[in-house]
Amino acid sequence: MRHLKLITALAIGSALAASQPAAAWTFVGPLDRPAVASSLAPQSPMLAVATAGNRLVAVGQRGHILFSDDRGSTWTQAQVPVSTDLVAVTFPTEKLGWAVGHGGVVLHSSDAGATWVKQLDGKQAAEIAVHYLEAQAATNPETAAFVAREKRLQLDGGTQPLMAVFFENETDGYVVGTFNRIFQTRDGGKTWMPLMDRTDNPDEFHYYTVVGDGQAVYVAGEGGMVWRFDAEKKRFVARPLPYQGSVFGLLNLEPGTLLAFGLRGSLFRTANGGASWEKIALGTSAGITSGVVLPGGEVLLATQGGEVLRSVDHGKTFAAVKPAHPMAYYGIVGSPQGGIVLAGSEGVRADPHLEQ
Numbered sequence: 000m001r002h003l004k005l006i007t008a009l010a011i012g013s014a015l016a017a018s019q020p021a022a023a024w025t026f027v028g029p030l031d032r033p034a035v036a037s038s039l040a041p042q043s044p045m046l047a048v049a050t051a052g053n054r055l056v057a058v059g060q061r062g063h064i065l066f067s068d069d070r071g072s073t074w075t076q077a078q079v080p081v082s083t084d085l086v087a088v089t090f091p092t093e094k095l096g097w098a099v100g101h102g103g104v105v106l107h108s109s110d111a112g113a114t115w116v117k118q119l120d121g122k123q124a125a126e127i128a129v130h131y132l133e134a135q136a137a138t139n140p141e142t143a144a145f146v147a148r149e150k151r152l153q154l155d156g157g158t159q160p161l162m163a164v165f166f167e168n169e170t171d172g173y174v175v176g177t178f179n180r181i182f183q184t185r186d187g188g189k190t191w192m193p194l195m196d197r198t199d200n201p202d203e204f205h206y207y208t209v210v211g212d213g214q215a216v217y218v219a220g221e222g223g224m225v226w227r228f229d230a231e232k233k234r235f236v237a238r239p240l241p242y243q244g245s246v247f248g249l250l251n252l253e254p255g256t257l258l259a260f261g262l263r264g265s266l267f268r269t270a271n272g273g274a275s276w277e278k279i280a281l282g283t284s285a286g287i288t289s290g291v292v293l294p295g296g297e298v299l300l301a302t303q304g305g306e307v308l309r310s311v312d313h314g315k316t317f318a319a320v321k322p323a324h325p326m327a328y329y330g331i332v333g334s335p336q337g338g339i340v341l342a343g344s345e346g347v348r349a350d351p352h353l354e355q
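Numbering (numbering that gives the first Met the number 0), first residue to last: 0 to 355.
Errors might be hidden in some of the hints.
Computed list of lysine to any residue pairs in SDA-like fashion (alpha-carbon distance at most 25 Å, straight line) [what the hints assert, rightly or not]:
1) K117 to P29
2) K94 to V210
3) K232 to T190
4) K189 to P33
5) K189 to A134
6) K189 to G213
7) K321 to E297
8) K315 to N271
Derived by calculation from the structure, the hints in this document are not laboratory data.
My request is simple: use the sequences and hints to build the entire structure.
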């Protein structure tokens, strides 16, 4: 029945399109269509949240970006040039921020998240990758396979989503996404360099997260895989977990000490830069989607099941705490004025007392 309804709807749509002037049906894609202002945006699904100085900034579906200057009590919708889903956001300084999402889009803000400009999209990224990798293939025949793949992506419209973004400072950053997609910038996003040929990822696993600990940059994703950038080899080398599921996030506790979390309550800890990993029991089967280290040293993890887990011993053990607004959580951050803010399926919510 659902297939019949879909076919009927397509047939009606085709008939209507044929009866209208072509100009009336000019399609404007989500990468070229600004996000629509909506009073319901704070209650719509929000997929990540970050701090920009004392400001909170959340990103979500249909290009919605919200910011709050009152601990999350009220939210203002930002001006955004795209209406594609946005899944990650970061601010290395109080004013400068970046967000990424579907369509391979990279957005940049220079005013603490109030307004945004597009720096890159999937089509541009594919063109950059082909040009760069063709030049590399002239001296390294192994790069030819990457060139062929990028040309296929161009034919598909270059729509591979970006899933995570990390900036070490106001100029040096990374974006990662599906099928081994990884780019680096050294000039605040003005130019981007592909790193697909510098990763130990022959299976082209998706990347879901990228973080830095002050000494190295780490990427993680499908297949229980974590990669650490080796400055001597100038490439990302594998540091796999004893686990085959997806890794949704990495949380830096201190240089060399990280948590890796993912499906079915899976959590692992390393104290040696990923050379070895220890499994941490949590007592939950829900996927862990995000985490944060609070100023006092407490570690919080949020799950798709609406749970929040707390550690007071540097991520070695965790206990459940009760959040004020249970929902499927996708992002968590400490509020600059105290408490935490959670992004999820029902919007973005402040919880001022959870850390107490």
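Exercise. Sort out whether T190 lies within 25 Å of K232, counting only the CA atoms.
Key: Answer holds: K232 to T190 is near 23 Å, not above 25 Å.
Quiz item: Are K189 and A134 close enough, with their CA atoms no more than 25 Å apart?
Solution: Cα-Cα ~20 Å, so holds.
Self-check item: Pairwise hint evaluation, V210 against K94, where the allowed Cα distance is 25 Å at most
Solution: 20 Å, holds
Quiz item: Hey, K189 versus P33, does the alpha-carbon distance stay inside 25 Å?
Solution: Judged against 25 Å, a Cα distance of about 21 Å means the pair holds.
Exercise. Assess, step by step, whether the Cα of K321 is no farther than 25 Å from the Cα of E297, and give holds or violated.
Key: The hint holds at about 15 Å.
Exercise. Take a quick look at whether K315 and N271 sit within 25 Å of each other, Cα to Cα.
Key: Judged against 25 Å, a Cα distance of about 15 Å means the pair holds.
Quiz item: Is the hinted pair K189 and G213 satisfied, with a Cα-Cα distance of at most 25 Å?
Solution: Status holds; Cα separation ~23 Å.
Self-check item: 25 Å Cα cutoff - pair K117, P29
Solution: 12 Å, holds
The earlier numbered hints are all upheld by this structure, with none contradicted.
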